[in-house]
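Peer 1: One-letter residues, chain by chain:
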Amino acid sequence: MKTRRISLVATALALSAAVTTLVAQAPSAPTPPGQRTPAQLKLLPKAIDAPDIKYEVVRDFMKLPPNVYLGEGIGVARNSKGNIYVNSCAQQTKTFEFDKNGNYLREIGKELYGHVFCHGVRVDAQDNIWVIDEGSNTIIKFNPAGRVTMVLGRRDEWPMGGMVAPLAALDPAPPYIFNRPTDVGFDAAGNIFIADGYVNSRIAKYDKNGRFIKQVGKRGSGPGEFTLLHAIAVDAQGNVYGGSRSDQRIVVFDNDLNYKTVYDHVGAPWSLCITKGPHQYLYTSNSNPDNQNMPLHEVSGQVFKMELDGKVLGKFGVPGKEQGQFSTVHGLDCSVDNEILTTEIVEWRLQKFILHPTAAQGGKS
Amino acid sequence: MRCSRLAPTLIFAGALFASLLSAQQKEIAFDSAGDFLKLPDDIHFGEVAGVATTSTGNLWVYYRSGGPNATIGASRTYINGGARLLEFDRSGKFLREIGSGPTGRPYSFLFAQGVRVDPGDNVWVVDRASRMVVKFDRSGRVLLTLGRRPEAIGEVGSSAGSGVFGRGSGPPGSGVPGDNFNQPTDVAWDTAGNIFVSDGYTNARVAKFDKNGKYIKSWGATGTEPGQFNTPHSIAVDAQGNVYVADMGNQRIQVFDNNGTFKSEIKNVGAPRAICISPGAHQYLYSSNSNPTEDPFLNGEIYKMELDGTVLGRIGRAGKQFKEFGMVNEIDCRDPNTLYVAELMNWRVQKLTLRNEAGSTATREPR
Numbered sequence: 001m002k003t004r005r006i007s008l009v010a011t012a013l014a015l016s017a018a019v020t021t022l023v024a025q026a027p028s029a030p031t032p033p034g035q036r037t038p039a040q041l042k043l044l045p046k047a048i049d050a051p052d053i054k055y056e057v058v059r060d061f062m063k064l065p066p067n068v069y070l071g072e073g074i075g076v077a078r079n080s081k082g083n084i085y086v087n088s089c090a091q092q093t094k095t096f097e098f099d100k101n102g103n104y105l106r107e108i109g110k111e112l113y114g115h116v117f118c119h120g121v122r123v124d125a126q127d128n129i130w131v132i133d134e135g136s137n138t139i140i141k142f143n144p145a146g147r148v149t150m151v152l153g154r155r156d157e158w159p160m161g162g163m164v165a166p167l168a169a170l171d172p173a174p175p176y177i178f179n180r181p182t183d184v185g186f187d188a189a190g191n192i193f194i195a196d197g198y199v200n201s202r203i204a205k206y207d208k209n210g211r212f213i214k215q216v217g218k219r220g221s222g223p224g225e226f227t228l229l230h231a232i233a234v235d236a237q238g239n240v241y242g243g244s245r246s247d248q249r250i251v252v253f254d255n256d257l258n259y260k261t262v263y264d265h266v267g268a269p270w271s272l273c274i275t276k277g278p279h280q281y282l283y284t285s286n287s288n289p290d291n292q293n294m295p296l297h298e299v300s301g302q303v304f305k306m307e308l309d310g311k312v313l314g315k316f317g318v319p320g321k322e323q324g325q326f327s328t329v330h331g332l333d334c335s336v337d338n339e340i341l342t343t344e345i346v347e348w349r350l351q352k353f354i355l356h357p358t359a360a361q362g363g364k365s
Numbered sequence: 366m367r368c369s370r371l372a373p374t375l376i377f378a379g380a381l382f383a384s385l386l387s388a389q390q391k392e393i394a395f396d397s398a399g400d401f402l403k404l405p406d407d408i409h410f411g412e413v414a415g416v417a418t419t420s421t422g423n424l425w426v427y428y429r430s431g432g433p434n435a436t437i438g439a440s441r442t443y444i445n446g447g448a449r450l451l452e453f454d455r456s457g458k459f460l461r462e463i464g465s466g467p468t469g470r471p472y473s474f475l476f477a478q479g480v481r482v483d484p485g486d487n488v489w490v491v492d493r494a495s496r497m498v499v500k501f502d503r504s505g506r507v508l509l510t511l512g513r514r515p516e517a518i519g520e521v522g523s524s525a526g527s528g529v530f531g532r533g534s535g536p537p538g539s540g541v542p543g544d545n546f547n548q549p550t551d552v553a554w555d556t557a558g559n560i561f562v563s564d565g566y567t568n569a570r571v572a573k574f575d576k577n578g579k580y581i582k583s584w585g586a587t588g589t590e591p592g593q594f595n596t597p598h599s600i601a602v603d604a605q606g607n608v609y610v611a612d613m614g615n616q617r618i619q620v621f622d623n624n625g626t627f628k629s630e631i632k633n634v635g636a637p638r639a640i641c642i643s644p645g646a647h648q649y650l651y652s653s654n655s656n657p658t659e660d661p662f663l664n665g666e667i668y669k670m671e672l673d674g675t676v677l678g679r680i681g682r683a684g685k686q687f688k689e690f691g692m693v694n695e696i697d698c699r700d701p702n703t704l705y706v707a708e709l710m711n712w713r714v715q716k717l718t719l720r721n722e723a724g725s726t727a728t729r730e731p732r
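Protein chains in written order, with the working numbering: chain A, 1 to 365; chain B, 366 to 732.
If you are wondering where the hints come from, they were derived from the structure by calculation, not from laboratory data.
Only a predicted model underlies this, so the values are computations on that prediction, with no experimental measurement involved.
Quick reminder that beta carbons are idealized off the backbone N, C-alpha and C, glycines included.
Any given hint could turn out to be false.
Said to hold, decoys possible - Simulated DEER-style distance windows between Cβ atoms:
hint	chain 1	residue 1	chain 2	residue 2	range
1	B	G466	A	F117	15 to 25 Å
2	A	D127	B	N624	55 to 65 Å
3	B	I408	A	D207	54 to 64 Å
4	B	D502	A	P65	49 to 59 Å
5	B	I408	A	D127	16 to 26 Å
6	A	F117	B	D575	41 to 51 Å
7	A	D254	B	I437	47 to 57 Å
8	B	A439	A	F117	24 to 34 Å
9	A	A145	B	A646	27 to 37 Å
10	B	D396	A	G135	31 to 41 Å
11	B	E671	A	Q237	54 to 64 Å
Just chain A, with the same shape it has in the complex (with noise of 0.2 Å):
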């Protein structure tokens, strides 16, 4: 009987090895560092020669049922079970819900008035699904059940005349109209902060039931300023990290929006996470281009885990489009330890990475 026990747990073991494959740690052909172009260096993160960090990805991980389609990989988050939703740019914007195993369950929202362009999806700590519509500018929460339970900001009203132009940035901008948010984070106490985004570039604070606090940024390179204000995510202390895409920075701030810091040296954080648990870790994807804009592919492409405090403890992930590599990440969640889900923008997919972090890159020793 015991040795029954034993032999099965050896074969699931086996299983468990056979599904997933170690994947090289550098791309096929890497322009050689010490012949990298002006423009290579100018976009290198400084913290490129990280230790890299091994993993392996679990290959086929999502499985759709027949007829149903992912398009762009734009958000994903899961919720405290393991279940994972995705945020699609499809025919018609779209959010999916997975178990923890990659089988497809539902849609959420199915034809939502809020589904207009995908920027992201996030679970929050009651397991409330939260979309970020850039298409329509509101982020939609929705309860487990997914059913609607509040909407911040407002879809335009319909143009009778056709086309409008779009909305200019402004400074200040209004409290509650969005203009092309990108991302949405919690803290402890349920405050939610909206990253707006594309066009204006602001971290916005809003009470629980979505009652503006305060904001802070503008457009710029200074400190508390943005340029492509892209993802944000907020730790257990309430501080609050904000992307900045354009300029490769992510600016730091505390629960009440005052600047505290900037990372410059890993990249544009195109997407933000940070880990559960005691101790927390930071990780951002310095993702490559939407194209194989040569020059830029060949330094961007990886993850970065970092310490709250900036540190960086190692890197992982190659540009490109096979399984294991990376094609342009644009949703990122670290809610399992060393388990990291990736959606990306090129390849329309979503993938499954293990991470085995050595103990000075935070692994269990």
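We have chain A already, so just place chain B on it with the hints.
Peer 2: Frame of chain A; chain B shown alone:
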């Protein structure tokens, strides 16, 4: 000496007046039924523009569901979809949708503005983008159409009378005589069945038709004078046939007789976005001072009034929780103590039960 004696009297009078005002501003206690409408898994409300009850207590809900989608054709861009009409029973159970699938819905469903049920339980659907008011019978078949949907995006018609929904030769906002609406907002009927349409976001007039849809007359133009409007957004008719128009942009309700002659105006109830007159022997007028897009926590209260404009109390405020409102766009008051409100910004319908307190003049009307 006289002055100093007069001053306290004036102060007293002022205080009395203020206390009278605050009495008029009495909060009416109420409860919300929360998420009482049960939707199928794959149907989600967008901005709910209208809600209306039938004589048997069923509910019709008309909402902005998404889209509309555009089809690029030769020289012009065509549109389809964007609004849905659902029916529920009185317990909130979903019964059906009118029209199936995005391409199977009635031609006028583009951008929901309102739904009303007439005394014969016919369902009248007002759509701003198709610029139409369409009457359905209770089974959902079309009985009457008013206005014509633009053929393509950006159609503005020609000027001077011949336009499909352009302006006529009268002053701005007076529109073309007839049913050429320009973003109509609401519909109401008198006891003879005459039809009154508030029109609307681009025109600024009220159009009157007989019960068969034959045009009778139109009044109003853009402006602030009596008989002029700035976004007439909602309309109601009392048992005597008087016509109440929510002149939202001018922050007043204007009252006209049945032929459109100005009678009076009701002010001090904010910007009326939705009004409703309850049936029965003693009629009440409800009006929502809905919040603006820019601030989901500003104003939002609903006033309960006598038909002469005397405020009996106020209900609720703006916000995102239950018992708070997100831009109420339509009120159903078939039962004066049970209001159904359609909220644009909170994407929902709330059922409000007003509490009948001692001293309240509100009495429950028989259904």
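Peer 1: The structure should be examined with respect to each hint, and the outcome stated for every one.
Peer 2: Right, here's what the structure says about each hint:
Range check, B:G466 to A:F117: about 23 Å between beta-carbon atoms, so the 15 to 25 Å window is met. A beta carbon spacing of about 60 Å between A:D127 and B:N624 agrees with the range 55 to 65 Å that was offered as a hint. Evaluation of the 54 to 64 Å hint for B:I408 and A:D207 yields a failure: the beta carbon distance comes to about 30 Å. The given range of 49 to 59 Å is broken by B:D502 and A:P65, whose C-beta atoms sit roughly 40 Å from each other.
Against the hinted window of 16 to 26 Å, the Cβ-Cβ separation of B:I408 and A:D127 comes to about 22 Å, which satisfies the hint. At about 47 Å, the beta-carbon gap between A:F117 and B:D575 stays in the expected band of 41 to 51 Å. Between A:D254 and B:I437, the C-beta spacing of about 50 Å keeps the proposed range 47 to 57 Å intact. Take B:A439 and A:F117: their Cβ atoms lie about 27 Å apart, and the range 24 to 34 Å holds.
Judged by the Cβ atoms, the range 27 to 37 Å given for A:A145 and B:A646 is violated: they are separated by roughly 44 Å. A C-beta distance of roughly 37 Å is found between B:D396 and A:G135, which places it inside the suggested range of 31 to 41 Å. With their beta carbons about 56 Å apart, B:E671 and A:Q237 fall inside the hinted range of 54 to 64 Å.
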